[in-house]
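Below, each chain spelled out in residue letters.
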Amino acid sequence: MTNIASQDKQTPPALSRPVVNASAAATANRPDAKSKIVAKDVDFYYGDFHALKKINIVVPEHQVTALIGPSGCGKSTFLRTLNRMNDLIDGTRLTGSITLDGADIYDRSREVVGLRKQVGMVFQKPNPFPMTIFDNICYGPRIHGIRNRKLLDEVVERTLRGAALWDEVKDKLHKSAFALSGGQQQRLCIARVLAVEPDVILMDEPCSALDPNSTFRIEQLMEDLRGHYTIVIVTHNMQQAARVSQQTGFFLRGELREFDDTSTIFTNPSDEETEAYVSGRFG
Amino acid sequence: MTTTPINAPAASPASPKKLVFPKASFSILYGDRIYAAITFLASLSIFGIIVWLAVQLSQASGASIHKFGWSYITQSNWDETKDIYGILPYIFGTLYSSFLALLIAVPISIGSAVFLSELAPKWLRTPMTFLIELLAAIPSVVYGLWGIFVMLPWLKTHVMNPISHAHPHNKFALWLFDVFFSGNPYGPSMLAAGLILSIMVIPFITAVTRDILKAIPRSQREGSYALGATQWETISQVVFPYAKSGIVGAVMLGLGRALGETMAVTMLIGNQSPGTPTGISFSLFQPGYTMASALANKFTEAAQGINTSALAEIGLVLFFVTIVVNMAARLLVFYTAKDVAGGK
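Heads up: the protein sequence lines correspond to chains A and B, in order.
Remember, our numbering sits 3 above the position in the first sequence when you count from 1.
Remember, our numbering sits 4 above the position in the second sequence when you count from 1.
These are calculated hints, taken from the structure and not from any lab test.
It is possible that part of the hints are untrue.
[To be verified] Simulated pairs of lysine to aspartate or glutamate, EDC-like, Cα-Cα distance not exceeding 16 Å:
id, chain 1, residue 1, chain 2, residue 2
1, A, 173, A, 160
2, B, 126, A, 93
3, A, 128, B, 226
[Said to hold, decoys possible] Ranges between beta-carbon positions, derived for each pair:
id, chain 1, residue 1, chain 2, residue 2, range
4, B, 135, A, 50, 53 to 59 Å
5, B, 26, A, 283, 56 to 62 Å
6, B, 31, A, 283, 45 to 51 Å
[To be verified] Sample of chain B residues at the chain A side, in silico, Cβ under 8 Å:
id, residue
7, 126
8, 127
9, 224
10, 226
11, 229
12, 249
Beta carbons: idealized from backbone N, C-alpha and C, even for Gly.
Next up, chain A with everything else stripped away, as it sits in the complex (with noise of 0.2 Å):
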């Protein structure tokens, strides 16, 4: 882990995203994209069930990455390993380890609520609580000990823009979260998270129970955040891979068996069966 640590200070930080480029090698030989997340070794069971195996990856900072594989290919348990959201389940271990700039997210001395804090998280479900948009909000910062108001008038409306629903929610802050349809409340939950000023932002097929012009605003909120944040993003729709992400991962029973530019997996991958699955061959 440490070697990989100082190879990470060696790397100087993006100033710009780098044009993606089809004849780019991987992000790992890439000088200029600064490795966020570093997954090395990976295993992970289920009580018995073996999920993960032996899983390296590297997420490049300021971009979309994108997994991509069919379902109980263990994509989402990866990403779930990125904010140690598989720690609430019962019976599941994991070996190797995971960095995020460089330091475990595993070690002991870890603690996982400010790892959290770092790594948001978005549902595939639409989850607001039961609460008004503005409380949504501000529940994370306010856990987090923000109590001034005027901050947190202010991180409402910055981070409701920043999810582009400032527009459609401004006159109803302190109605329900319930009210707002689906793609508004899956909106409303990237604020959410935004609030807590993440560097890192997961998604869990975000679009998945959403129609296609509520899929469609949040992929383009996606290319807005990308300048700002890393994000990790599960999906199903192969399409919504190329249209949003830099770098694909496609899983096969548990194995990571491709991880490329994004433009590399879609138009000449290496792996047959990553060529089956992005082609619809099967999946």
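Chain B: place on chain A using the hints.
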């Protein structure tokens, strides 16, 4: 009837429509209607029993209602020799003992429900849940017996005697003593009744609250944890608001039980007037009555006529009190459920 010709290629596994279905049968034609009628009768019988009970109680208490009117529930004398009947102290005793029971039971129940559903390690969960459900299955006379032989002596020596021998000095403590700890600590008392009731309703409130907490979608908890919330923040700020209406319902269920509980309370409450002119005392050490315990105590010796009628009216009042409490609970659940969504 159409049958497949023998020389048709019926053997092909992909060939569709090989089965010959019978014509509409009796059960297809009438089954649903018969089923609906039977279930309707079943539910009608419940409704019928309630109405019948109310009618019978009203008829039986007719003489008493006619004679005493509202004074039956507003005055405090119950005197068989003079044929004067008033049940204000019984109503008070019922409400007060149930209130005491909830005061003790609600925090304990909600605490243990949270522990069981959110915090307890898996190996502890099942046995603890089982124990709590077992507690609910113990007959109330056993609670009463335990109360008399174990709880009362203990209460007397360790709680009541020390308190009544204390000498408070400041005004507030004096007032407190006057209101809540006056009277001789004989044992059978409001305190004993409230305590035994609380022990009896704890399993109900705990079990229902735990089920409600378990039913809260995991996505709610995960949403909170994913923002970096601690377990406490998640439970107190996300889980509880979501479960609010259900927990109110659970508490009301407990209250409903406490109001009607008879045997154990009869054994522990003393069944005598606390000796105040109104028959009402907030003192925890004084004996008292509840409507249920008064009924259980008096019906064996009741004389024909107005006495029996007055007893029946206790039943009627208790019937109404429990109905009102249950309706209030429904309303409360309805309004808090509306509130859960957070709208203002």
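For which of the previously enumerated hints does the structure constitute a violation, in increasing order of number?
As far as the earlier hints go, 4, 5, 8, 12 are violated by this structure, in ascending order.
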